Amino acid sequence: MKNTPPETTPFFARDRDMHPPAYTPWYKTTVLRSPQRALISFEGTISEITGPVFGHSIINEFDNDLLANYAKPGEGPIGERILVHGRALDERGIGIGGALVEFWQANAGGRYRHKKETYLAPLDPNFGGFGRTITDENGFYWFKTVRPGAYPWPNGVNDWRPAHIHFSVFGHGFAQRLITQMYFEGDPMIWKCPIVKTIPDEEAIKRLIAPLDMNATIPHDMRAYKFDIVLRGRRSTLFENRMEGN
Amino acid sequence: MVQPLGYLKETASQTAGPYVHIGCTPNFTGIHGVYETDLGSGSMINDQTRGERITIRGHVYDGAGTALKDALIEIWQADAEGLYNSPSEIRGKADPNFFGWARCPGDMATGEFVFETIKPGRVPFRDGRLMAPHVNFWIVARGINIGLNTRMYFSDEEAANGEDPILSRIEHRVRVPTLIGKREGDTVTFDIHLQGDNETIFFDV
Ligand SMILES: [Fe+2]
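Just so you know, the protein sequences line up as chains R and F, in that order.
Per this note's numbering, the first sequence starts with residue 1, numbered consecutively.
Per this note's numbering, the second sequence starts with residue 1001, numbered consecutively.
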């Protein structure tokens, strides 16, 4: 981590117009799980602007290598080998160092390693489907995996999820907490997906689509996709009201 | 034309989906051998942690009154003295034996979440007034499009709750009890209702 003074200002107000609203009946599970009343807004207090620090010591050598972290020695998962890389930034464009990034996905056939998963595509004995990493001091991260398959899910009679990777991101404050999904450039399933369509803003959807990045591709090994993640920015200390009694 | 402000836009949220546990608590789902333990699992306290031991228990209920069995709950709280274990906490040094953050998946059969922790001290509001002791909650699940923020206050803190700057600004007083964990002995019960007459107050913070 860079040796900069800790930031103690509240986060910018969240632009709720580009996030999905809670109630999106075409994604049926939201109907009974969406709060109906208005959120109560207040400027972040110390409870929201603080957050824990996850040290690099929690990360094992292969946590960001899904080709290796579940595979038997000498074996590996079936599928297209890819490198996913990018940067965690805040809305000011400042890289977020020390961010915990966790990811999970289906295997190349579109099957998750989960008890409740019933899709007929087979499990891959060499693929767990999850990993994690901590961003470097400038916010950069990467991991290796296979490209996940699309899969059908019970919503409409013929709804399919586009190929995607789930991301959970932990920045510096508890109010920056974010879970999202990364999609792949060129996938025609993206624009048919009820979950994608919960996002009311087309530009916000496009920002979830990772472009193929040939410059980061490892020749004769794996192609690369680039996925930047933007968390909420913080107000400048210059403009803070001085707190009473301080 | 004007100069562009140049801010980036926050990445849009997407639901955690039904398999959030694969990524966040793999051992809980039965996938062992990749992470030694699930991050944020287990007791939040050790022998040296300062403060009053409590257990927080609860369920997350949907609009039909059914407990969610696939939710993931995270909490973040101050130590017993009212200090957060965070670099952004500049008022003092928090208890080194208390991390302050934990994560718990709802039980697969009952949906219950449990946190073994300590009762937090009071922390200041932005104007310096003290807020009542509270634990910050963040809830994600399939069917929740963007993580839900709320707080649990304590039923045995009536006086502090009465002067809490957040609680006291809530217009519909009848909703305030949705933020109060009910304390009986060492157990504090905090049920979260996503909808209905008792819909929990959620915050945009
Ligand atoms: Fe998924």
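FYI, nobody ran anything at the bench for these hints, they're computed from the structure.
Treat the hints with care, since some could be wrong.
Here are a few chain R residues that face chain F, going by a calculated C-beta distance under 8 Å [what the hints assert, rightly or not]:
| id | residue |
| --- | --- |
| 1 | Arg14 |
| 2 | Met18 |
| 3 | Pro35 |
| 4 | Glu48 |
| 5 | Glu91 |
| 6 | Gly93 |
| 7 | Lys115 |
| 8 | Thr118 |
| 9 | Gly173 |
| 10 | Phe174 |
| 11 | Leu178 |
List time: in silico BS3-like cross-link candidates among lysine-lysine, alpha-carbon distance up to 27 Å [unchecked claim]:
| id | chain 1 | residue 1 | chain 2 | residue 2 |
| --- | --- | --- | --- | --- |
| 12 | R | Lys197 | F | Lys1069 |
| 13 | R | Lys116 | R | Lys206 |
| 14 | F | Lys1069 | R | Lys116 |
| 15 | F | Lys1009 | R | Lys192 |
| 16 | R | Lys206 | F | Lys1093 |
| 17 | F | Lys1182 | R | Lys197 |
| 18 | R | Lys206 | R | Lys192 |
| 19 | F | Lys1069 | R | Lys28 |
| 20 | R | Lys226 | F | Lys1069 |
Here's a subset of chain R near chain F, in silico, CB distances under 8 Å, partners left out [to be verified]:
| id | residue |
| --- | --- |
| 21 | His19 |
| 22 | Gly44 |
| 23 | Lys116 |
| 24 | Leu120 |
| 25 | Ala204 |
In this text, all values refer to a predicted model and were calculated from it rather than measured experimentally.
Ideal Cβ placement from N, Cα and C applies to all residues, glycine included.
Each hint, compared with the structure:
no.: 1; hint: Arg14; result: 6 Å, holds
no.: 2; hint: Met18; result: 6 Å, holds
no.: 3; hint: Pro35; result: 5 Å, holds
no.: 4; hint: Glu48; result: 5 Å, holds
no.: 5; hint: Glu91; result: 5 Å, holds
no.: 6; hint: Gly93; result: 6 Å, holds
no.: 7; hint: Lys115; result: 7 Å, holds
no.: 8; hint: Thr118; result: 11 Å, violated
no.: 9; hint: Gly173; result: 7 Å, holds
no.: 10; hint: Phe174; result: 4 Å, holds
no.: 11; hint: Leu178; result: 6 Å, holds
no.: 12; hint: Lys197/R with Lys1069/F; result: 25 Å, holds
no.: 13; hint: Lys116/R with Lys206/R; result: 31 Å, violated
no.: 14; hint: Lys1069/F with Lys116/R; result: 11 Å, holds
no.: 15; hint: Lys1009/F with Lys192/R; result: 24 Å, holds
no.: 16; hint: Lys206/R with Lys1093/F; result: 42 Å, violated
no.: 17; hint: Lys1182/F with Lys197/R; result: 39 Å, violated
no.: 18; hint: Lys206/R with Lys192/R; result: 14 Å, holds
no.: 19; hint: Lys1069/F with Lys28/R; result: 17 Å, holds
no.: 20; hint: Lys226/R with Lys1069/F; result: 34 Å, violated
no.: 21; hint: His19; result: 5 Å, holds
no.: 22; hint: Gly44; result: 5 Å, holds
no.: 23; hint: Lys116; result: 7 Å, holds
no.: 24; hint: Leu120; result: 17 Å, violated
no.: 25; hint: Ala204; result: 4 Å, holds
Violation of the numbered hints given earlier is confined to hints 8, 13, 16, 17, 20 and 24; the remaining hints are satisfied by the structure.
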